[in-house]
Structures are given as structure tokens and as C-alpha cells.
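Student: Sequence:
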Amino acid sequence: MKSKPPSLTLLRRLINLDSAISLHLYTLFHPTLPFSVLKFLEFSGDGRLFFPIVLSLLYTTTSISTLTTTSTLTVTSLLLLNLLLGSLLDLLLIGLLKHLIQRPRPVYNKNMFLSFAVDHWSFPSGHSSRVSFIATLISFYSAIVEQILVARLKFDADSMLVENFVVIVGVWAAITSASRVLLGRHFVLDVVAGACLGILEGIFVIRVFNYENLKSFLG
1323 MKSKPPSLTL LRRLINLDSA ISLHLYTLFH PTLPFSVLKF LEFSGDGRLF FPIVLSLLYT
1383 TTSISTLTTT STLTVTSLLL LNLLLGSLLD LLLIGLLKHL IQRPRPVYNK NMFLSFAVDH
1443 WSFPSGHSSR VSFIATLISF YSAIVEQILV ARLKFDADSM LVENFVVIVG VWAAITSASR
1503 VLLGRHFVLD VVAGACLGIL EGIFVIRVFN YENLKSFLG
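For what it's worth, our numbering labels the leading residue of the sequence shown as 1323, then goes sequentially.
Just so you know, these hints were derived from the structure itself, not from any lab.
Bear in mind the structure is a predicted one, so any value in this text is a computation, not a measurement.
Don't be surprised by glycine CBs; every beta carbon is placed ideally from N, CA and C.
Warning: the hint list may mix true and false statements.
Quick list of the computed label-pair ranges, beta carbon to beta carbon [said to hold, decoys possible]: (1) Leu1339 - Asp1480: 43 to 53 Å; (2) Arg1334 - Asp1480: 51 to 61 Å; (3) Leu1339 - Leu1483: 33 to 43 Å; (4) Ile1337 - Val1472: 40 to 50 Å; (5) Ser1378 - His1346: 33 to 43 Å; (6) Asp1480 - Arg1335: 15 to 25 Å.
Let the sequences and hints guide you as you build the complete structure.
Tutor: Below you can see the structure in the form of C-alpha cells.
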């Protein structure tokens, strides 16, 4: 009498379901969505674009002397510093988790440029965590962002961009995260986990790297 095959663990069942749903979404939407749009979303959430932009803005708006005292630390500098510090934290956490978990990417993932060895692994999604972190920080600092848009970038305070900037960033983060599945780069759970991690990183940065903590640290 043949013995029954061992039953699948709950984790394995979840992974199989995740893989099946992800493949279904990829098969359903990938042929109909413009590849150029998906690639643009991928590029917009790429750290190779984000880090140079933040560093350039920080360099052009903030002097070294400004960074050493909170009395001259501008709201723009505070926002850029938090974006930079949080993104570095995100990079470290994503790299560590990918190295520890080592979930392979979908077999249908094609034409992807790998920056680091851990980019071979899928869980969690670094793009999703990064854009979710940015959206969380922008949402919390919405008043500062509005001030920057109006005072520094000379946008009209009543313009659609200024009034809806937080919503626009949130929608961008959501569709960029979704595009990771539709482009075949990630499974659904990779994206969900990445988004949750990014939100938690945003909350952490907001609570730890705030003005009062910087004031007590810098003196």
C-alpha cells in the first residue's frame, strides 16, 4: 500500500498561491499594457535615480555648517536628510532580507539589469519599499512639501499640483508597486511585504529623525 505524499506546509501553499496569482496577473495585463510605461515606472522608483537626485538637492540647498546645528537647519534640509537617511536604511534592510530569504524571481522575469548580487532574489520588493517610504514621508511632511513647492519652486498655492501633491505621490507609489508584478519582476507577496516595510521605515524615520531629536543630538 502506497503511503500518502506529505502534505504541503501552510507556507508552501501560500507561496504556490502567490506564484499562481502573480503569473495570472502578469499573463492578463502584460500583453495589454505599454511596456514603455511599465519601464518608466520601474525607472522612476529606481535607487540609481533617487539617490543622485536627493544628494544633488541636498548639496545645492544645504551647507555643511547648516547640517551641524538645528538653528540653521531649514525645512528643506530636514526633508531631504530624512529622505536620504530613510533610503539608506531601506537599502540595508532590503539587502539583508533578500540575502537571508533568497526567494528566486519569477521565471518569466526578462531583461532586468542587476546592480547587486542580492538583486537575483525577489523577496521583498525594493522598489515597493522605496516608493512606499517616500509616499509615507511626503504625506507626513505635506505642509513642508507645500511650502517648498510654493516658496522655492514658485508654484501657485492654489494649483492642482500643490493641492493634490500628496495624493499624486501616493498614486505613483501604488502603481509603481503594482507594476513590479505586471512587469514580471516580483510576486504579489514581494510587493505587499515591500510596501509594508517602506511604510514602517517612514514611520521610524519620522519618529527618530525629527527636529527635536536632531536638536538634542546636535546641540
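Student: All hints are to be evaluated individually against the structure, with a verdict given for each.
Tutor: These are the hints, each one checked on the structure:
1. Range check, Leu1339 to Asp1480: Cβ separation about 48 Å, and the 43 to 53 Å hint holds.
2. Arg1334 and Asp1480 have their C-beta atoms about 55 Å apart, which keeps the hinted 51 to 61 Å range intact.
3. For Leu1339 and Leu1483, the hinted distance range of 33 to 43 Å is satisfied, since their beta carbons lie about 40 Å from each other.
4. The hinted window of 40 to 50 Å between Ile1337 and Val1472 holds, with their beta carbons roughly 48 Å apart.
5. In this structure the hint that Ser1378 and His1346 lie 33 to 43 Å apart at CB holds, the actual value being about 41 Å.
6. Between Asp1480 and Arg1335 the CB atoms are about 53 Å apart, so this pair departs from the stated range of 15 to 25 Å.
Checked against the numbered hints listed earlier, the structure breaks hint 6 alone; every other hint is satisfied.
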